[in-house]
Amino acid sequence: MNRLIYELTESIRMALAQIRANKLRSALTALGVVIGILAVTLMGTAIRGVDIGFNNSLAMLGSDVLHVEKWPWITGDDWWMYVNRPIIKPADAVKLSRIIDATPNSELDFAVFVHGRGGVSVKAGALSINGVVVFGSTGDYGRILTADFTEGRMYTETESDAAQQVCVLGSDVAQALFPGHSSIGQTVIVKGQPFRVIGVLAKQGSFLGLFSFDDQMLMPLGAYRKYFGIRNGNPEIQVKVKDKTRIAEARDELTGDMRRVRGQVPGEPDNFTINTQDAFKEKLDPIKQGIALAGLFVTGLALFVGAIGIMNITFVSVRERTKEIGTRKALGARRITIRLQFLIEAVSICVVGGVIGLALTFLTCLGVKAAFPAFPLEFSASLIVISMLVSVATGILSGYLPAASASKLDPVVALRYE
Amino acid sequence: MTPPALAEVRPLRPAGPLVIAIENVTKLYQMGEETIHALRGVSLEIRRNEYLAVMGPSGSGKSTMMNMLGCLDTPTSGRYEFNGHDVAAMEDDELADIRNREIGFVFQTFNLLPRSDALRNVELPLIYGGVPPNERHERARKALEDVGLGERIHHKPNELSGGQRQRVAIARALVNRPSIILADEPTGNLDSKTGIEILALFEELYERGNTLIVVTHEESVARHARRIIRLHDGLIESDGPVF
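So the sequences go chain by chain: E and Z.
Under my numbering, the first residue of the first sequence carries the number 1, and numbering increases by one thereafter.
Under my numbering, the first residue of the second sequence carries the number 1, and numbering increases by one thereafter.
Since the hints were made in silico from the structure, they are not lab data.
Check the hints yourself; a few may be wrong.
Unchecked claim - Derived DSS-like pairs (lysine-lysine); straight-line CA-CA distance at most 27 Å:
1) Z/Lys156 to Z/Lys142
2) E/Lys23 to E/Lys323
3) E/Lys242 to E/Lys70
4) E/Lys23 to Z/Lys156
5) E/Lys323 to Z/Lys156
6) E/Lys70 to E/Lys283
Please model the entire structure based on the sequences and the hints provided.
Listed below in structure tokens is the structure:
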């Protein structure tokens, strides 16, 4: 055991001496690994970044909300199955609520009709903001929102039923229209109509980078209906469940309830879709993993090329030092000792390359984060561990053959080698 | 030449117990189609504290003999016992252990590690022998002092003269207190003056009780030994004391 430790120490010392003695050669060889590790870890940070962004976005949807819609969130060639379904109406939500209230021990809490319209411009005095997404809903929608209120409140059912012209602003909208002071009680102009601001939502970020929750504006359904209309677009009924660990049961119950609302006969396919955050995730996960695998494979090729470089240089090293191997064997080095020595040499170059590659990745992440804060790159401690393991594994894989060939050299032949 | 006078200045030490016993050893090499009989049946005994020279022209089987004695190679047939161990039947790693513990090699080209200083070079067999670092440094330093290099333990090989390099190699051969020291043309790469110094060192080692086997083609080197084995065509032509 001790012997192995002494031999290991000696091997590491020799490997470092060897790298120092052949600086240029080692540097060029390590460069392959530097590029490989850089590519793989950058890919890793990107995948992780996308993953985190994706999960954050999904969290904004709320994990305890079911979305009854005409369309599934993800459609492919099967769009024709959905196109002739009836549109979701506020009356559906009213009927659904009645059924939920009448069901003893229902898994469902309450249902809210929500209709949205994008690309709206909102003005306040001389200031205006374009591209606002306006949602019309009843006051219950406040209990579904995942964002907190920084100031003010949600409109009440009464305000909603009375179609009062009040509104709740997303943080970016409030920021743009009333910079530096409270927006509560102020008036904004939408579609030429004045709306009194009664609440402002906390900052939430964007959903998959597609649209920002902070660019939204909420108003009572009655007012929304009057100025935007609800016959087009993609209205939905959001249903809050009581226990988010029982989503599947809640979903089954909701399906039955909706079929009653729609008066569907047994055997007839559902003429609506219940979308959930989980289902969305399930559908997207394989795609995400596919992209991640493909990315890692392509960047892994760069690492593979680096590994071949290491293997090549280790073969050269074995050949150059054949006589030294003979001498070491004559002095009592066993096969494993010689093998370890060359393996450690290959691993050392890989680890040096890996550390440099990782440092470059770290700097790149810092740089990208500073320049484009929204770009999803996420450096992590596990990345350090993984890339070090990958470096060591690359070294072992690329050093294995040359080291094995060195260890099997016949000492007589090796000593005679000039 | 005056052999009696020479014998007076060169004491013959009493030989000790048997170290090497070789009986009817043969070695065949396959060179393409041709089979080469490097050794055709050699028998030999070497005792502790002998000073032996192995001589012979090239092709005589001298190198094969040396590889065999040094446990770098195993015989095709015949018996080879080293301190009672059957070397002929050993695996690579067992042979490595025998070489490490029992044999100190001195090469014509010194074979020092160029990037390690004298001390590290001498420590190498001790590393392979699993000797702890402190004891290792001490023993290596002592071995270097014994060959007169106590002042140069931190010199790299390229900072040393040929004779000094060979002294480092001899210190390396001695450091594990081996049963035999096997020197292959130890003066072959040295000028004659330095060669004589090295042979004087061998004489000293012999007098301190070491067992020396010198493989050489130079009569003048061989005559420093107490016994000469002459090989010819893979057979022992003569084996006798030096007068």
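Hint by hint, here is what the structure shows:
1. Z/Lys156 to Z/Lys142: Judged against 27 Å, a Cα distance of about 18 Å means the pair holds.
2. E/Lys23 to E/Lys323: holds (22 Å)
3. E/Lys242 to E/Lys70: Measuring from Cα to Cα gives roughly 24 Å; hence the hint holds.
4. E/Lys23 to Z/Lys156: With Cα atoms ~19 Å apart, E/Lys23 and Z/Lys156 stay inside 27 Å; holds.
5. E/Lys323 to Z/Lys156: holds (18 Å)
6. E/Lys70 to E/Lys283: Since the Cα atoms of E/Lys70 and E/Lys283 sit roughly 18 Å apart, the hinted pair holds (cutoff 27 Å).
The earlier numbered hints are all upheld by this structure, with none contradicted.
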